[in-house]
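> Keeping their order, the protein sequence lines are chains L and X.
Okay, so the first sequence: first residue is 1 according to our numbering, each after it adds one.
Okay, so the second sequence: first residue is 1 according to our numbering, each after it adds one.
Read the hints as simulated data drawn from the structure, not as lab findings.
Here a beta-carbon is modelled for each residue, glycine too, at the ideal position from N, C-alpha and C.
Coverage of chain L stretches by chain X, computed from C-beta distances (three or more under 8 angstroms per stretch; other residues unrestricted):
#1 147-158
#2 176-184
#3 256-262
Computed beta-carbon distance windows for the label pairs:
#4 X:G132 with L:N308: 52 to 62 angstroms
#5 X:A271 with L:A116: 15 to 25 angstroms
#6 X:K83 with L:E152: 27 to 37 angstroms
Partial selection, computed: residues in chain X whose CB lies under 7 angstroms from chain L:
#7 Y149
#8 L150
#9 N151
#10 L155
#11 L159
#12 R231
#13 G233
#14 F245
#15 Y246
#16 S248
#17 L254
#18 K267
#19 L270
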Amino acid sequence: MITVVLLAVLLLAAVPAFAQPQETIVFTPQWTAQAQFAGYYAALEKGFYADEGLSVVIDHPNATRTSMDRTLSKHAQVTTMPVTEAIEALDHGIELVNLLQTSMNSSLMLVSRRGANPLSQRGAKVSCFRAGYSQLAKCMAQDNKLEYQWIEAANMLNLFIAGAVDASLAMSYSEYYQFLQTGIIDKNENLVYRFRDNGYNIQEDGLYMTREEYKKNPERAQKFARASQRGWEWVVKNPEEAIQIVMKQVRINHIATNATLQRLMLEEILDLMEDYETGQREYQLKEEMFNQAVLILLRGEVISKEHNIKELLP
Amino acid sequence: MKPVIISKIRSSLSTRISLWTVLFAAVVFNISLIVVGILSREAVREEAVRAAGQVLDNTILRTNYILEDVENLADNMEWLIYKDIDNPDAMMEYSRSIVLNNSFLNGCSISFEPYFYPQKGKYFSCYSNNNGRYVYTTQEGSDNYQYFYLNWYMLPKLLNQPCWTEPYTDQEEGDEATMNMEMNVSYCKPLTGNDGSFIGVLSLDISLKWLSETISAVKPYPNAFAFLLGRGGTFLVHPDPEKLFYESIFTESLNGDMDPELVQLGKDMLAWKEGMSTFKIDGKSKSCVIYKPLLTTGWSLAIVCPESDIFGSYNKLRNILGAGLILGLILMFLVTYNIIHRQLLPLQKLATHAETIASGKFDVELPHMDRTDEIGVLNRAFRFMQVSLISYIDKLTSATAKRERIEGELRIARDIQMGMVPSTFPAFPGRADIDLYASIKPAKEVGGDLYDFFIQDEKLYFCIGDVSGKGIPASLLMAVARNLFRSVASEGLPPEEVARRINDTISEDNKQMMFITMFIGMADLATGTLRFCNCGHNPPVLLKASAEFMQCEANIPIGVAKGMVFKGQSLDNFRGTPILLYTDGLNEAENNLNEEFGNKRLLSALSGTPYQDAKSTIGQLLKLVSDHVGDAEQSDDLTMLCLKLL
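Build the full structure now, drawing on both the sequences and the hints.
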């Protein structure tokens, strides 16, 4: 027993000061466990956060309480969200800091349940996300005078299967593959509307912190961002191992999905991370996309005033 | 080894017949087995499909009973809710009493639109749950549980009609069904206000554990299994926990490598069709899939029966039959071989006896046989043949002895005939001025040619002749002619007189109308003059620098008619010029192509070679004729006489 105690004391003494765990950072991604967050799981699993001296807990939201709710209630310190949601938050007076921008392109799409071009379905019931991605779609519908009846749902898949909606919003890496997996639709580009190809290519996922939280310890935030980026770069180089890590998270969180879906999701996510013009993973907000998003949201009266990209920068 | 077997088969009629019989039987049996096999297999498959279909029907019927009970309960309870719609607290009571009074229910929720009861705030969802130990009731709506966005609430609202949700697990019904493993399903009925507007949802939850257990227990065959598909193709019941809830029947198609038939099965099941299809599942052996929809909920139930199971007994029977067939064919071969071998045994004995007879023992005793079949007939034929053979051989022996005697006599006759012509050369050893050589070669044992020569008073008489016909008659006339020549010529008469006298004698009593061509010469050894008479014979050849036929007067042959006169001729300076006398056996000698040696070839042969002596000349001509004739049979007597006075 004495030996054990002595060993423990020696080990503690050997740990360098910078590696001593700081207070735990709770990171809540905006959705349940899936390959969309592979870079963060990898950073945790491979010890990249620990290398920065961070103690990180990844705590997923549930279906009825969003990640934004958790962040604002200080249940979580870091979260992810699309640029449009961040702008909407700014408009509501919530000050946010973009720590790392992973998405360089929009994955948003409209998928028809009725075998028709979604843009031809004026007045259709369209299921949408309760959080995050739907505002851009609502603005697009308004621009095109589509008069959709938006149905906010926690689970769009079963509404789609039951035919309770005429079309559904979908992310090209997630819901779209789930819809394909039902066998109800097939890969027919006539049934989908891709925002990216129609003048609505706005960046999506980025890593955010409230400015209040950021100001507490900017260095800690930067370390988190740096380790996260390292995690994503590791995933790019080790996609198959990354899938194993994702599936581990999937099982821990009892998520009804499978490796096939997650593999497809990761491929799409990594593709979306590359700027289509430069082919690079830039990990930063693009000002022209930010400004375009502000204009769209203003036009759609989602926000009430103009915003500058600097409001999100550290 | 192989040639040995083939040689064995070829050498044995029993083996060959047995093999052909077995081969034919094998073909017939195999065709019969294949036809019966195909028909039986189809019958077994139909029976399997029928049995599996029955299991499916029973399961679906049982499920529908329970589900319909829930639907009826909701219909029966609905009026109570409407009756006390203005009393929110009553909803709590109803929710609780429904669960308490219906043990098959897991839970009941009576939930309303936001602020439907202003006094209750935004959320009002009365929920009672039977956790197996007790029933608890609560208002579960909250900021953390915003039920308006959940399927069981949204589906009846959007569809505006009662509906069943897709199965979910009870831990937290959310966007991604979290796996607490107990599967629940809810029957949800929209509640409407007096104006028909949507006000809330009555939802009754039941556990599908029993359904899962029932379906999992469906095992018409040891390795059969059942699976249940939700409306989105998700596996709601499946023996592989990796697939359960996590995968749909179309998941593999996302990778683009799914069996198109499996995709079609999924589509048919989702289209609520019923039927059967066959294909490989997970790349394993072929399986039959029988499927039927569960129309109450829109799910589809399928039973997968591996063909190895369905056709297990059939395959076993087929293997036994196959083995029996092979064994039977081997036995058939052995029995057939044995029977045929025994039946053919007398043939072997006959063959042995035939060999003995062939070796010369004609009197060997043939086996006794009472059989009346083909082999009996053959045996009798052999006996008859043996008797005939003995008789024939006797006759042959006798004939052969007779022929041998005649041949012996002919040989003696030949010797006598050859002894008549001078055959010692040089013919006149004491006379250096005469170079003479002669040869005779009869076509048969005895011939009709003749030659002769002798000196009488310094005159050399010589002749050559050819009797018409061949054989013994010709040889007799030849003997007569030769004796006549010698006796007449020895009187010192000239050749034409010699010819006349011989002719008269032979023509005297010539009933056979035989005749002789003859050349008679008389060389005066002192003067070197040649006198001659040619009686229808081939003109002799004078061997000058260029050989040529001697010009002869035309006389008829000797023996044609009595009293004929023959013209004689003379040639001076005969000395030094060789002369060749010959019969037509020389120039008419034929080869196998019936080509004659011919005069032209004769003259050419005699011109081309310088004259050495009479013997060499004749020897050379004999070789040339022999070369020309080859292995053709000699057709005529060949006689030559060559003479040169020196």
